[in-house]
Structure formats: C-alpha cells, structure tokens
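Trainee: Residue-level listing of the chains:
Number of protein chains: 2
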Amino acid sequence: MMQQHMPSMINNVAVVGGTHGNEYTGVFCVKALERQLQQQDIQNRIRYPFHLSTVIGNPVAHIQNKRFVDTDLNRQFSYDALQKAKSISRSTSQNIMVEQQRALELNELLGPKQFHDDVDDDVPPKMDLIIDLHTTTTNMGVTIIVGQDDVLTTQCAAYVLQRCPFTTRILIHTHANQKERPHLSSIAKHAFTIEVGAVPQGVVRHDKVEEMQTALRLTLEFLQRWHDGQQEQLYNELIEHFDSGNVPCYRSAPAIREGEMSAKLQWPSSKDNPNFPLWIVHKSVQDRDFTQIQTGDPLFVDLDGTVIPYDGAYGSPIILMFINEGGYYYGSSGTGISVAVQDEFDLETGSLLSTNNRKMSMTRTNSNDNDNNNNDDIKKNGQQQQQPVETAATTTTTTSEL
Amino acid sequence: MMQQHMPSMINNVAVVGGTHGNEYTGVFCVKALERQLQQQDIQNRIRYPFHLSTVIGNPVAHIQNKRFVDTDLNRQFSYDALQKAKSISRSTSQNIMVEQQRALELNELLGPKQFHDDVDDDVPPKMDLIIDLHTTTTNMGVTIIVGQDDVLTTQCAAYVLQRCPFTTRILIHTHANQKERPHLSSIAKHAFTIEVGAVPQGVVRHDKVEEMQTALRLTLEFLQRWHDGQQEQLYNELIEHFDSGNVPCYRSAPAIREGEMSAKLQWPSSKDNPNFPLWIVHKSVQDRDFTQIQTGDPLFVDLDGTVIPYDGAYGSPIILMFINEGGYYYGSSGTGISVAVQDEFDLETGSLLSTNNRKMSMTRTNSNDNDNNNNDDIKKNGQQQQQPVETAATTTTTTSEL
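Chains as they are written, first to last, in our numbering: chain A, 8 to 409; chain B, 8 to 409.
Bound conformation, chain A alone (with noise of 0.2 Å):
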C-alpha cells in the first residue's frame, strides 16, 4: 500500500561537505562530486534530473582545519538562534561570530528556514533537500540521519540501509518541527545527514571515502527515481525487505539536564583549557558504538588512573553512540557520550514505534509518568534494552546530535 501523502516534489537539492570545517571526509567528496558535475557538462551530458548543488558548509574554519572558529556553526539554524544572528548583524554595537554570519548566508543561499509547524503559511525555502557529509572519531560506521515523520527522507535512509555493503544505521531526530532543529540541513524542506566513522579529524581515508560516496549515491538514486515518478515501485520495492512494515533505528534518548539537546555521559574539563577532557573514555568502552552498558561498568578514567563508572542516571542498561568524538570536547558542540536508544520507524509515514505507542500511553494513562508503560510497549516491539527515564517535558527537547 502506498502511504498516502503527497509525494514531495525534488527539484532543488544541495550537497554540503565542511559544515565542520576539520571534516575532511565530506569535503574531500564534495570536491569529486564537482568534478563529476563538471565532466558532465563538458559531456553535455544530464545525469541528475534535478539541480544538484555543492557547498563547503563553513570554508573559514575548513581553511582553519578547526571544527568551527567562535561556535559550532551546525549548532545555528533553529529559529531562535538565526533570529538572534540577524538582530546582531542589524546592530552597531555587537560583534557578530564567524558561524552565526555564516548561518545568515547560508539561510539565504539555501533556506530560508521554515518557522511555523504548519509550513503552508512560510516562504518555501531554496533547496527541497539538503545532504550534509559528516565524520566522527567515533566507530560508528556509516549512519545516516533523519527527521521523523518525513516520508522522503526516511524511506530513502531505508533504501540506503538496504542497499549498503557495509555496516549502516539509521537514527531519528525525535523533533517533533523543523523550527527547533540546529542544524544546518533543518534550513531545507527535508534533511539527510550522512555520518561516517571512525577518522580522525584534518584526515582523508579512501576506504571511508568510498563508504560515504557509496552511501551519496545510493541517496541520489533513490532522489532520481522519487523525481522520476517511482514512489510506489520505491514503496513496493522497501515493503518486501522491510516486510513487517517497521524500520530498525536509532534515537537519542532525552536529556535529563536543562539546556542539554540529548542525553549525554558528561566528563569534566580542565581549568586551564575548557575544551581538554580532565576525564577520559575507558578503553571498555572505546569503539565500541552501540553496545550497552550496565550501571558500575568502567566509562572514564581520571588523571590518577581512577576508574570512574556509569552511575545509571539514565537507565540501566543503556546503549552508547559517539564514544569520544573529538567534536564534543566543545561545550558549543554537546560535551560527552550520547546514549541512544533503540526503535523503529513506520515505513509508510516515517514515525517512530516508540512515539507512537508514548502518545497512545499518555492518552490512556492521562499522565506524564508514562515510563512503565512506555517499557512496556518497547518490550512487545522486541526491543532488548530498558527505556531510561523521560518526561513529556524533557522529550520535546530530544534531539539526534552531529
């Protein structure tokens, strides 16, 4: 059965590479792609039915190779944040940052980010889609990300999934609108991030070039044949691998601390340097990306060599992701481990299970303390591992990080 929105028209796609500038990785495959784009046009050749852009995301700090120069630019294009860029750049008297002028121009170049939950009442912005091409330190493998309840893009994450010879996941930001998301991919009608690890940052590997230039073209494939008309052969195609319906996935688990987008493990920093770790991730726990641990397991060491281990704050067990990326040494950036939790998405209209079943929860239980019943449903849908702890207040701050 074909779902039975309209399918969104791909007319305007843009491919970023740098939107951290010491992600070489996406750089590296922006560059090819343009290559490719410009043997093509001296072929008078067409090979994207769509117009397919490039761009370096933050080309100050590429230069730089610094992750970003006064914030985390990927951090910049919620609402608010490029509300507050625009009245500092009207003002005389304050200084704007590298990443927050970069976030105006982008928002213009590619957006202009839609603000309303109904997006009928805004401008429509440039770009139908944006891919942005990130690395991790961390082993992860390739991981794509995507917003819920948006069909394109999930079903194409689910195409990608299927189709990748190598280790692939999905995770979901649990947003429930666009106008609250950071990120820079949020500024387009529908979002996809394409993260690749482990690499150090400033380095170019060829075998996780070619991860990402797979997981690239298989994306646009799945782009070419939506614009061309084949959503439901797409569909039909996705339902017979996915044969329940429900696609594996990850999410973020929500934060339990004000001010936080996601659940994070923290560790301290030092005095003099706030971006060095006085902590570090016990080598028990290095590499391994989505495993679990229990409460009283080894997570950091401190300077002494005392082991300091998962105090259970959020849950026991629970599953870790980006284990000792360099990008979150910076406060600006999410300081620490992300803990993910495990789920799926409806293939006909992007959901997620556990959402889903959390509504129905709360509606029956006519509370916020739903975690039982929560466990409960997460249980029947053959997850292994515990929930932690969440609140209808702290959910609606959930948030994937990159």
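Think of the hints as simulated: they come from the structure by calculation, not from any bench.
What you are looking at is a predicted structure, and each value in this text was computed from that prediction instead of being measured.
Treat the hints loosely; a few may be bogus.
[Said to hold, decoys possible] Pairs of lysine to any residue residues, derived as SDA-like cross-links and limited to a Cα-Cα distance of at most 25 Å, are as follows:
| # | chain 1 | residue 1 | chain 2 | residue 2 |
| --- | --- | --- | --- | --- |
| 1 | B | Lys133 | B | Asn114 |
| 2 | B | Lys278 | A | Gln47 |
| 3 | B | Lys73 | A | Ser291 |
| 4 | B | Lys290 | A | Gln293 |
| 5 | B | Lys38 | A | Ser291 |
| 6 | B | Lys73 | A | Gln71 |
| 7 | B | Lys278 | A | Gln101 |
| 8 | A | Lys290 | B | Gln220 |
| 9 | A | Lys278 | B | Thr61 |
| 10 | B | Lys38 | A | Asp279 |
| 11 | A | Lys278 | B | Asp48 |
| 12 | B | Lys38 | A | Phe173 |
| 13 | B | Lys73 | A | Val105 |
| 14 | A | Lys278 | B | Arg295 |
| 15 | B | Lys290 | A | Val105 |
| 16 | B | Lys73 | B | Asn146 |
| 17 | B | Lys73 | A | Gln108 |
| 18 | A | Lys290 | B | Arg295 |
For chain A, the structure is supplied; the task is to place chain B on it using the hints.
Mentor: The following block gives chain B in isolation, referenced to the frame of chain A:
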C-alpha cells in the same frame, strides 16, 4: 664488555607534551605526571633521583587545538632557525611568528642549543635530556625516536623496546650532529621522543595513553638506574637480550629532492587550500606502516578515483611509515609519506651499522657513488629490502620526522 665512553650525567630531565598543540595524548600524560609528582610532594617522597620538569611545548596552539599557529614548532630548533628567530625578535620591522617566539623561550628554559660538533666548546644546556611525547594518526604503534651515536639514548631505547609488552620500534635520526636537527628535543644534551599511534588529533584514547605511559615509565626507570651508576648492569642485561650486540631499528631514507629532510612520497595539494590533499592515500596502503610496497603498487587515488601507483623513485621494494599522518598535510611539517630503511645499531656505541658500512665503503671506493657497495653491505647484514639511491651530499640532510 662495557663501552669506553664516559657515562653521561643525568641530573635534569624535562618531559614535554603538546609540542604539536593538537596531540592531546602527550598533554594528558604530562598532566598525569604532574599529578604524580604533586602527590609525592604531599607525601614528602622523592621518587626520581634527578630533577624532573614538565612542559607544554606549544600552549597557544594547544588551546586552539591546532598542530601549530603559524609554523611547525618542531622544525624551529636547528641552529640556523634559532639564529633567524633571534634576529627577528631583535628587529623592530619584522613580525615574529608564534612558534619562533616559543622556540626562543624554550631554548632559554631548557637549552641553549649546542652548536658545535665538539660539544666541549658550548655552554651546557640546562636539560641533560628531553623526553618529547608525540602522537600520530598513522598505525605506527609505539616508536622511540633517538639520534645515532648517542650511547645513553640508544641503550635507553633498546631497554624500552625489550620491555614494552606491545609492538615497539626504534627510529634513528641519522644527523651527524645536534646543530642541524630542527626538533625541540635537540636543545638538550640528549634527545628522546616517544611517538604513539594511531590516535586522532585532538582526541585522547585510554589505550594509547597507557601505551605512552608504559614507554615513559620504562624510560624514566632506565634513566634512574643510569643515574644510580648501573650503566654496566644495564648494558649486560641488554646484551643478554640483543646477543649479537646489534639492535634492530629503522631510519628515514635520504631525501632526493632539495630542501627536504628525508625521503617523502608526496601528494599535491588543493589550489584553494594548501593543506588539503588533492590525492589521498590508497586504501591498500592505509594502516600498513612498516610494510613494503613495490614499483607499480597503488599508492594514491585522486578526486576522479584514478589510482596513482608508486613510481619507483626511491627504489623497489621500499618500506613506508607515517602513512597518511594528518600533520603531514602541512608544508611546514613536511608533506607526504615517509620512506623507512630497516637497519641495526651497535649497542655499545649507538652507531648505525649501515653508516659504519657506508663509511668503510666510501674509504674503500674513494667515491660518492657508493650505492652498489652499500647495498651489498646491507644485504650482508641480513636486511631484506633494497636501499634507495643515496649520495654523500644527500646523506647529511637525512633525518627522521615527528
């Protein structure tokens, strides 16, 4: 048999981390050592019989999480570079670079650099020995880097090599004298570098911290025993292990291009970013440090995916090291992959066997064109690989890089 040289006095030792600001492991180990010394101070215990100082090599670059601010600090300590920095610092019209300024400070603090071949003419440096802690993004494991003809540090390297429970190698500088060496450690009487990989820049891995700490602990243990007058006992222990009297090591192959410190297989850089590679290291070579390649083997790949094979410029087969080192994306650090030569040094004198053989062969042939004789000598010493073409003129510019 004990060597004839007078044993060096070890009264002042400095441990330096962060000579490259984004090599976090060395900084973490320096901070951990500072904690250890502080604890001993509180307990009124003196663990080391010599004065042990700790230094952050490039604190400005470290705060910025960059290898360097203006230019590679670890290339600023040749006699000529220090003289140039001194002259700029006195000039009112010229701006001094951050690393030139820091080189002068460190030379004052830990040196001064000895500039005569016969060191008796010089003011003795404040430090008898500098242990400089480095990391690499390459899969080199633990590498101890010392100069040739130095009995103290070559025996210390052999001591660490023998006792480390993980893969450890020795890399020997073939500079004839201290004067030309551009490295920070060369301003002390004796230079000792511990290089650990693979670890991303700007990231601390617990397993790599442990490797660096083990190598550092063994180094300090050797120095302590040396200080305590156990030179003969140390030598006897080592000769029992290295019973031929020869210790296996590597050295850099000589440069064939003017201005280079040592043999490098280079990639071209992007026009719009001189530190961004236009070619990347082929996946068949990645992570295979200290293995051989032959003429025609895949070496690089370009933006179009075209494979660039090894052209045989340094002979065939050759051994590679520092394969895809993130620091070597910078011109001032020496762009490219290093070519290694397998060698051995004499435990009694610290002299390289190949150098001894070359000297003999040069006397014998009375000619610079001694490649064939040299290759014969190498083969006699049980080496596997062919030596690259080298002449007396290029030999003097050879060094290992870090």
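Trainee: Please work out if Lys290(B) and Val105(A) have their alpha carbons no farther apart than 25 Å.
Mentor: Distance ~36 Å between Lys290(B) and Val105(A) Cα, so the pair is violated.
Trainee: Checking one constraint from the list: CA of Lys290(B) to CA of Gln293(A), max 25 Å. Satisfied?
Mentor: Since the Cα atoms of Lys290(B) and Gln293(A) sit roughly 24 Å apart, the hinted pair holds (cutoff 25 Å).
Trainee: Could you grab the alpha-carbon distance between Lys73(B) and Ser291(A) and see if it respects the 25 Å cut-off?
Mentor: Not satisfied, since the Cα-Cα distance of roughly 28 Å exceeds 25 Å.
Trainee: Take a quick look at whether Lys73(B) and Gln108(A) sit within 25 Å of each other, Cα to Cα.
Mentor: holds (23 Å)
Trainee: Under the criterion that the straight-line Cα-Cα distance not exceed 25 Å, is the pair Lys278(A), Arg295(B) satisfied?
Mentor: Violated, at roughly 39 Å.
Trainee: Compare the distance between the alpha carbons of Lys38(B) and Phe173(A) with 25 Å, and conclude whether the hinted pair is satisfied.
Mentor: violated (40 Å)
Trainee: Going straight from one Cα to the other, do Lys290(A) and Gln220(B) come out at no more than 25 Å?
Mentor: holds (14 Å)
Trainee: Straight-line Cα separation of Lys278(B) and Gln47(A) no greater than 25 Å?
Mentor: Roughly 22 Å between the alpha carbons, so the hint for Lys278(B) and Gln47(A) holds.
Trainee: Does Asn114(B) sit within 25 Å of Lys133(B), going by the straight-line distance between their CA atoms?
Mentor: holds (9 Å)
Trainee: Are the Cα atoms of Lys278(B) and Gln101(A) separated by 25 Å or less?
Mentor: violated (35 Å)
Trainee: Can you confirm whether the C-alpha distance between Lys278(A) and Thr61(B) stays at or below 25 Å?
Mentor: Satisfied, since the Cα-Cα distance of roughly 18 Å is no more than 25 Å.
Trainee: Check whether the Cα positions of Lys290(A) and Arg295(B) lie no farther apart than 25 Å.
Mentor: The hint holds at about 23 Å.
The structure fails to meet hints 3, 7, 12, 14, 15 from the earlier list, while all remaining hints are met.
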